[in-house]
Amino acid sequence: MAIQKTLCKKVLPLAILFTLLISNLFAQKIVRYDLYVKDTIINFTGKAKRAIAVNGQIPMPTLTFTEGDTAEIYVHNEMNEETSLHWHGLFLPNKEDGVPNLTQMPIKPHTTHIYRFPIIQNGTHWYHSHSGLQEQIGMYGNFVMLKKTNDPTFRKGIDDLPTVPILLSEWTNIKPENIHRMLHNANDYPALKKNAVQSYGEAIKVGHFKTKLKNEWKRMLAMDVSDVYYDKILMNGKPSTDLTRIEGKQLKGGDKVRLRISNGGASSYFWLTYAGGKITVVANDGNDVEPVEVDRLIIAVSETYDVVVTIPAENTAFEFLATTEDRTNSASYYIGNGIKQLVSPQPRLKYFEGMKMMNDMMKMNGDLDDMGMNMSLNQMDMNVVMYPEITGDAKPKQDDKDPNRYNANALADIVTLNYAMLRSPINTALPKDAPVKELKFTLTGNMNRYVWSLDNKVVSEADKILIKKGENIRIVIYNNSMMRHPMHLHGHDFRLLNGQGDNAPLKNIVDIMPMETDTLEFNANVEGDWFFHCHILYHMMSGMGRVFTYENQAANPLIPNPKLAQRKLFADDRKMHFMSQNDFATNGNDGEMMLQNTRWSIGSEWRLGYHDMHGYETETHIGRYLGKMQWLMPFVGFDWRYRKMGIDEQEKNLFGQTNTKDNRAVLSLGVNYTLPMLVRFQTEIFTDGIVRLQLMREDIPVTKRLRFAFMVNTDKEYMAGLNYIFNRNFSLRTHYDSDMGFGAGLTFSY
Amino acid sequence: MKSIILLAAVVLLSTTACQSQINNAKTETVKVYGNCGMCETTIEKAANKKKISKADWNEETKMASITYDSKKTTLDAVLKNIALAGYDNQSFLAPDAAYDKLPGCCKYDREKKQVAIVTQPAKDTTKPMQNHGSHQHDGMNNTSQETNQLTVVFDTYFALKDALVKTDGNTASAKAKDLETAINAVKMDKLPMNVHTVWMKVLNDLKEDAEHINGTKDISHQRDHFMSLSKNMYELIKVAKPAETVYYQFCPMANDGKGANWLSKESGVKNPYYGSQMLTCGKTVETIKQ
Ligand SMILES: [Cu+2]
Ligand SMILES: [Cu+2]
Numbered sequence: 000m001a002i003q004k005t006l007c008k009k010v011l012p013l014a015i016l017f018t019l020l021i022s023n024l025f026a027q028k029i030v031r032y033d034l035y036v037k038d039t040i041i042n043f044t045g046k047a048k049r050a051i052a053v054n055g056q057i058p059m060p061t062l063t064f065t066e067g068d069t070a071e072i073y074v075h076n077e078m079n080e081e082t083s084l085h086w087h088g089l090f091l092p093n094k095e096d097g098v099p100n101l102t103q104m105p106i107k108p109h110t111t112h113i114y115r116f117p118i119i120q121n122g123t124h125w126y127h128s129h130s131g132l133q134e135q136i137g138m139y140g141n142f143v144m145l146k147k148t149n150d151p152t153f154r155k156g157i158d159d160l161p162t163v164p165i166l167l168s169e170w171t172n173i174k175p176e177n178i179h180r181m182l183h184n185a186n187d188y189p190a191l192k193k194n195a196v197q198s199y200g201e202a203i204k205v206g207h208f209k210t211k212l213k214n215e216w217k218r219m220l221a222m223d224v225s226d227v228y229y230d231k232i233l234m235n236g237k238p239s240t241d242l243t244r245i246e247g248k249q250l251k252g253g254d255k256v257r258l259r260i261s262n263g264g265a266s267s268y269f270w271l272t273y274a275g276g277k278i279t280v281v282a283n284d285g286n287d288v289e290p291v292e293v294d295r296l297i298i299a300v301s302e303t304y305d306v307v308v309t310i311p312a313e314n315t316a317f318e319f320l321a322t323t324e325d326r327t328n329s330a331s332y333y334i335g336n337g338i339k340q341l342v343s344p345q346p347r348l349k350y351f352e353g354m355k356m357m358n359d360m361m362k363m364n365g366d367l368d369d370m371g372m373n374m375s376l377n378q379m380d381m382n383v384v385m386y387p388e389i390t391g392d393a394k395p396k397q398d399d400k401d402p403n404r405y406n407a408n409a410l411a412d413i414v415t416l417n418y419a420m421l422r423s424p425i426n427t428a429l430p431k432d433a434p435v436k437e438l439k440f441t442l443t444g445n446m447n448r449y450v451w452s453l454d455n456k457v458v459s460e461a462d463k464i465l466i467k468k469g470e471n472i473r474i475v476i477y478n479n480s481m482m483r484h485p486m487h488l489h490g491h492d493f494r495l496l497n498g499q500g501d502n503a504p505l506k507n508i509v510d511i512m513p514m515e516t517d518t519l520e521f522n523a524n525v526e527g528d529w530f531f532h533c534h535i536l537y538h539m540m541s542g543m544g545r546v547f548t549y550e551n552q553a554a555n556p557l558i559p560n561p562k563l564a565q566r567k568l569f570a571d572d573r574k575m576h577f578m579s580q581n582d583f584a585t586n587g588n589d590g591e592m593m594l595q596n597t598r599w600s601i602g603s604e605w606r607l608g609y610h611d612m613h614g615y616e617t618e619t620h621i622g623r624y625l626g627k628m629q630w631l632m633p634f635v636g637f638d639w640r641y642r643k644m645g646i647d648e649q650e651k652n653l654f655g656q657t658n659t660k661d662n663r664a665v666l667s668l669g670v671n672y673t674l675p676m677l678v679r680f681q682t683e684i685f686t687d688g689i690v691r692l693q694l695m696r697e698d699i700p701v702t703k704r705l706r707f708a709f710m711v712n713t714d715k716e717y718m719a720g721l722n723y724i725f726n727r728n729f730s731l732r733t734h735y736d737s738d739m740g741f742g743a744g745l746t747f748s749y
Numbered sequence: 000m001k002s003i004i005l006l007a008a009v010v011l012l013s014t015t016a017c018q019s020q021i022n023n024a025k026t027e028t029v030k031v032y033g034n035c036g037m038c039e040t041t042i043e044k045a046a047n048k049k050k051i052s053k054a055d056w057n058e059e060t061k062m063a064s065i066t067y068d069s070k071k072t073t074l075d076a077v078l079k080n081i082a083l084a085g086y087d088n089q090s091f092l093a094p095d096a097a098y099d100k101l102p103g104c105c106k107y108d109r110e111k112k113q114v115a116i117v118t119q120p121a122k123d124t125t126k127p128m129q130n131h132g133s134h135q136h137d138g139m140n141n142t143s144q145e146t147n148q149l150t151v152v153f154d155t156y157f158a159l160k161d162a163l164v165k166t167d168g169n170t171a172s173a174k175a176k177d178l179e180t181a182i183n184a185v186k187m188d189k190l191p192m193n194v195h196t197v198w199m200k201v202l203n204d205l206k207e208d209a210e211h212i213n214g215t216k217d218i219s220h221q222r223d224h225f226m227s228l229s230k231n232m233y234e235l236i237k238v239a240k241p242a243e244t245v246y247y248q249f250c251p252m253a254n255d256g257k258g259a260n261w262l263s264k265e266s267g268v269k270n271p272y273y274g275s276q277m278l279t280c281g282k283t284v285e286t287i288k289q
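In order, the protein sequence lines correspond to chains B and A. Oh and the first sequence: position 592 is 591 in numbering that gives the first Met the number 0, straight run, nothing missing. Oh and the second sequence: position 264 is 263 in numbering that gives the first Met the number 0, straight run, nothing missing.
Keep in mind that the hints were calculated from the coordinates and are not lab data. Note that CB positions come from ideal geometry on N, CA and C, so glycine has one too. Check the hints yourself; a few may be wrong.
[As the list claims (entries may be wrong)] Derived contacts from chain B toward chain A, CB cut-off under 10 angstroms, selection only:
1. G67
2. V205
3. G236
4. S239
5. G252
6. D254
7. A274
8. T309
9. A312
10. E313
11. N314
12. S331
13. I338
14. Q340
15. V342
16. P344
[As the list claims (entries may be wrong)] Pairs of lysine-lysine, DSSO-like flavour, derived with a Cα cap of 30 angstroms:
17. K49(A) with K48(B)
18. K237(B) with K49(A)
19. K251(B) with K200(A)
20. K46(B) with K48(A)
21. K71(A) with K46(B)
22. K231(B) with K49(A)
23. K251(B) with K240(A)
24. K71(A) with K231(B)
25. K192(B) with K53(A)
26. K176(A) with K237(B)
27. K174(B) with K112(A)
28. K237(A) with K255(B)
29. K46(B) with K53(A)
30. K71(A) with K174(B)
31. K255(B) with K269(A)
32. K112(A) with K255(B)
33. K44(A) with K204(B)
Produce the entire structure from the sequences given, and follow the hints as far as they go.
Right under this line is the structure:
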């Protein structure tokens with residue numbers, strides 16, 4: 000007893016001392032942030048609009064840590080909707096990754112969720128909501144992890160420079176849900192706003208009529224390098240910022256500044272240019288690269304670049320400019336003190352040159368043909384044909400033999416960064432003895448219906464991809480779609496095989512342009528369900544992604560009901576998109592209504608006269624799109640019509656079948672097929688034995704705002720009309736219809 | 000009937016006139032570089048945005064009077080467009096490419112930038128710096144030449160101030176005459192643009208105050224005008240940067256207890272508003288360095 004007591008007395012203080020020592024030696028510093036997510040009203044353009052602010056600000060606060068810290072982030076959801084936060088580019092336990100319905104359940108309204116993870120890397124990253132379209136309206140923020148000062152990779156002259164994190168983003172006054180819906184209905188209003196309709200009229204003016212014709216022959220709608228119109232471009236929440244001091248120290252001529260730039264735009268790529276000379280790229284996606292000097296670079300959606308710029312003169316501020324890839328909008332940082340030296344704006348795109356290039360690449364079956372160029376790593380940029388600063392203002396002299404005809408750096412004296420120029424300062428080779436698993440993906444898509452997928456399957460249509468811990472995973476990706484896609488892997492950095500051998504750069508996003516093939520590899524070293532997806536928000540929400548999962552991994556405690564979670568995850572790309580329009584015309588109402596998703600279409604058309612002679616008619620079709628290009632759609636239908644003998648009495652169709660129009664209610668089977676020139680060919684057989692063939696097209700762009708429509712069928716019905724578009728919702732329409740005669744009116748579209 | 004038509008026409012005309020007007024209009028006059036009539040067209044076109052902004056550029060003075068809707072845009076936004084068209088101005092320098100594209104007759108003389116010594120990263124300190132040094136010198140000469148001509152103006156002002164300190168109405172009147180001459184001798188189009196802008200703003204008042212001080216020997220009337228003269232001189236010296244350090248000083252008792260300012264080359268207070276009565280009343284409120 001006595002012995003025990005003395006032992007206690009002696010050991011206890013010692014034990015306390017020991018624990019203290021241990022905690023001092025090993026316990027990391029805990030860095031806590033509290034984030035209050037709240038609805039807000041914001042006014043970027045003179046119109047008050049809904050947005051989401053965190054701690055009262057857009058972008059969300061910059062979170063700063065030092066490698067070795069432990070992050071503790073309290074997310075207080077003060078909205079009436081679910082949310083989540085994803086830590087983009089971070090290595091962390093899967094349950095902290097912040098993908099709702101995959102790595103955790105959504106953060107319910109008016110609850111608090113704690114993310115807690117050790118900071119085991121350094122570099123420039125960012126964070127954003129992974130729920131719905133919240134990222135578009137404010138939920139993005141800088142996430143900076145500093146090197147420890149005794150880090151062996153600490154670079155004097157780079158890591159000790161005055162530094163500013165810059166988050167790029169966009170703002171639109173249109174609700175993102177509405178943008179998503181409009182994209183799925185091929186609404187060309189954004190093109191109109193951007194002056195990128197590329198109509199026949201505009202084509203003829205610049206001598207490109209044949210180009211336009213060939214483009215439509217190959218069943219392409221006019222396309223831009225990006226498809227959303229934005230009202231404002233923001234750098235740290237502002238279109239224009241004077242950077243006169245950093246951490247209280249006034250900037251002066253001769254100073255070097257490091258910018259940690261993240262692209263938090265939902266769908267915009269940005270060109271980065273600087274008025275004060277060369278831009279030195281020192282890191283990419285949070286990983287150091289050997290410094291490389293360029294005149295400009297493009298930053299893909301969700302990529303990060305660290306760049307160093309110099310202030311070359313006294314009493315002058317130099318513009319650092321971020322311009323959207325379509326060159327319609329930009330934001331500026333003025334670095335330094337004094338009068339502002341501007342940089343040349345990026346000139347407007349030569350759209351019809353782009354269209355011509357696309358025509359050459361597109362085969363009749365919708366596949367792309369790289370004509371043996373083996374493109375990769377952004378080195379050959381087909382878009383240079385549209386860049387006046389590379390290929391001149393006029394039409395380029397056509398030289399199809401020149402192997403460098405898409406190589407910006409060979410064509411012009413300005414240096415544009417590409418992935419082949421990125422070199423890691425350290426050896427990044429994977430463990431040599433690990434088994435290798437090779438995967439191949441083809442990026443697929445259909446611009447007209449805004450379906451984006453991998454191997455023609457969206458997330459909800461594909462199984463998870465099983466990998467084993469310890470394996471080296473090698474992925475070869477080919478882009479067979481007409482748009483570029485920034486593919487992002489959660490939870491791991493991959494090596495991009497770019498010809499730099501053991502010093503291949505580490506990245507977590509790879510931007511793949513049409514027809515490019517890129518190879519990347521990573522060591523599977525942390526279990527969990529990891530999302531691999533296109534980071535263009537509207538592509539991701541359309542299902543462009545896959546989930547990697549480890550064999551025999553432990554269950555995620557934050558997903559109590561995996562079946563329910565999966566159903567909710569799949570709901571994103573299964574969503575039906577609604578559109579409708581009605582023409583209020585002098586001779587009746589003409590309209591349609593449609594619900595569509597990746598594969599299904601439910602549509603109703605109507606023609607309602609103002610009296611019995613003109614008749615009333617509706618057709619409803621439920622169909623499924625088939626094939627990668629979705630040109631074919633078989634459907635079942637229901638028709639109803641009522642009419643008293645009217646102005647155009649056609650009782651017999653072309654096949655001599657008698658067709659009573661007075662009162663008819665029939666079911667039908669049919670098929671839609673999109674012909675060259677984007678003409679829709681419809682064959683339909685009705686329960687009363689009647690057969691009807693029909694050709695129609697509604698959106699032939701005559702001029703920027705004028706559309707021509709026609710329809711003709713074997714019931715000897717026909718229609719021709721002109722539409723003049725005023726704005727997103729209204730247009731003026733005049734048409735002649737065999738049933739209802741001549742009419743003019745106002746069309747409302749939603 | 001006719002009168003109705005006439006009335007309708009008038010109403011129509013007046014409404015169209017109203018429509019082209021700029022709401023919440025604010026007008027500011029700023030320096031915009033340029034040469035000729037062709038420049039004028041380009042500058043005004045670049046500034047013109049229907050119902051939002053417009054400009055009127057004067058070929059003689061190189062000053063643009065810019066009117067804009069202060070709720071829809073800013074002066075800087077208009078000036079940025081002018082710079083993108085190739086014309087340096089108070090706030091922005093045109094991109095080199097835009098300047099190069101100007102027709103020959105429009106290629107105005109550009110102010111040279113003062114090249115900075117680039118702070119070399121630590122590992123590169125062994126590299127010789129002489130080259131950068133000499134560059135910097137060229138630039139310095141360039142800027143000082145153009146501000147030099149204001150030095151005479153400042154110096155006569157200081158002489159006038161000293162006369163007032165001594166309560167010497169005769170000398171003050173004579174110095175004010177010198178000041179008038181110095182002001183008239185300034186070639187304003189040779190001034191750097193930010194200085195030019197302020198110069199245009201204060202020029203008339205400077206002249207008027209100098210005239211009044213010259214026209215009388217009544218010291219209290221001279222001191223009244225010296226108050227506004229000092230205020231304008233301060234605005235000018237702040238952008239022009241004096242050759243040596245200048246002190247902006249303040250006496251709370253002057254101007255019937257409302258207080259008044261003056262500029263001085265010495266840090267010690269010698270009050271020009273009271274002279275020997277209260278020679279050391281006041282304090283330095285701002286130090287303006289070169
Ligand atoms: Cu992300
Ligand atoms: Cu994509």
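Consistency of the hints with the structure:
1. Using the Cβ-Cβ criterion of 10 angstroms, the hint placing G67(B) at the interface with chain A is not satisfied: the shortest such distance is roughly 25 angstroms.
2. At a threshold of 10 angstroms, the smallest CB-CB gap from V205(B) to chain A is about 22 angstroms, leaving the interface hint violated.
3. Of the supplied interface hints, the one on G236(B) is violated, with its beta-carbon coming no nearer than about 18 angstroms to a beta-carbon of chain A, more than 10 angstroms.
4. Evaluation of the S239(B) hint against chain A yields a held restraint, the C-beta minimum of about 8 angstroms falling below 10 angstroms.
5. The criterion of a C-beta within 10 angstroms of any C-beta in chain A is met by G252(B), whose closest approach is roughly 3 angstroms, and the hint holds.
6. Using the Cβ-Cβ criterion of 10 angstroms, the hint placing D254(B) at the interface with chain A is satisfied: the shortest such distance is roughly 6 angstroms.
7. The criterion of a C-beta within 10 angstroms of any C-beta in chain A is met by A274(B), whose closest approach is roughly 7 angstroms, and the hint holds.
8. With its C-beta approaching chain A no nearer than about 6 angstroms, T309(B) sits inside the 10 angstroms limit, and its interface hint holds.
9. For A312(B), the interface hint holds, since its Cβ comes within 10 angstroms of a Cβ in chain A; the closest pair sits about 4 angstroms apart.
10. Interface hint status for E313(B): upheld, as the beta-carbon distance to the closest one in chain A is roughly 4 angstroms, under 10 angstroms.
11. Taking 10 angstroms as the C-beta contact cut-off toward chain A, the hint placing N314(B) at the interface holds, the least distance being around 6 angstroms.
12. Hint status for S331(B) relative to chain A: holds, with the closest Cβ pair at about 9 angstroms, below 10 angstroms.
13. A distance limit of 10 angstroms between C-beta atoms decides the matter here; for I338(B) the minimum to chain A is near 6 angstroms, and the interface restraint holds.
14. The criterion of a C-beta within 10 angstroms of any C-beta in chain A is met by Q340(B), whose closest approach is roughly 4 angstroms, and the hint holds.
15. Here the hint on V342(B) is kept, as its CB sits about 6 angstroms from the closest CB of chain A, short of 10 angstroms.
16. For P344(B), the interface hint holds, the least distance from its beta-carbon to any beta-carbon of chain A being 7 angstroms, beneath 10 angstroms.
17. A hinted pair counts as satisfied when its Cα atoms are at most 30 angstroms apart, and K49(A) with K48(B) qualifies at roughly 26 angstroms.
18. Using a Cα cut-off of 30 angstroms, the hinted pair K237(B) and K49(A) holds, with the two alpha carbons roughly 25 angstroms apart.
19. Distance restraint check for K251(B) and K200(A): the Cα-Cα separation of roughly 29 angstroms lies within the 30 angstroms cut-off, and the hinted pair is therefore satisfied.
20. Our distance criterion of 30 angstroms between C-alpha atoms is met by K46(B) and K48(A), whose separation comes to about 20 angstroms.
21. A C-alpha spacing of about 12 angstroms is found between K71(A) and K46(B), which places the hinted pair at or below 30 angstroms, so the restraint holds.
22. With a CA separation close to 20 angstroms, the supplied pair K231(B) and K49(A) stays within the 30 angstroms bound.
23. As the CA atoms of K251(B) and K240(A) are separated by approximately 17 angstroms, the hinted pair is consistent with the 30 angstroms bound.
24. The hinted pair formed by K71(A) and K231(B) meets the criterion: a straight-line CA distance of about 14 angstroms does not exceed 30 angstroms.
25. At roughly 24 angstroms between alpha-carbon atoms, K192(B) and K53(A) fall within 30 angstroms of each other, so this suggested pair holds.
26. A distance of roughly 51 angstroms separates the Cα atoms of K176(A) and K237(B); the hinted pair therefore is violated under the 30 angstroms criterion.
27. Between K174(B) and K112(A), the direct Cα distance comes to roughly 46 angstroms. Violation of the 30 angstroms bound is thereby established for this hinted pair.
28. Annotation: proposed proximity of K237(A) to K255(B) holds, straight-line Cα distance about 28 angstroms (limit 30 angstroms).
29. Distance check on the hinted pair: K46(B) and K53(A) sit about 24 angstroms apart at the alpha-carbon level, within 30 angstroms; holds.
30. With a C-alpha separation of about 23 angstroms, the suggested pairing of K71(A) with K174(B) holds against the 30 angstroms cut-off.
31. As the CA atoms of K255(B) and K269(A) are separated by approximately 44 angstroms, the hinted pair breaks the 30 angstroms bound.
32. Straight-line distance between C-alpha atoms of K112(A) and K255(B) comes to about 18 angstroms, which keeps the hinted pair within the 30 angstroms bound.
33. Restraint check for K44(A) and K204(B): the C-alpha separation of about 25 angstroms stays at or below 30 angstroms, so the hint holds.
The structure does not agree with the numbered hints 1, 2, 3, 26, 27 and 31 stated previously, though it agrees with the rest.
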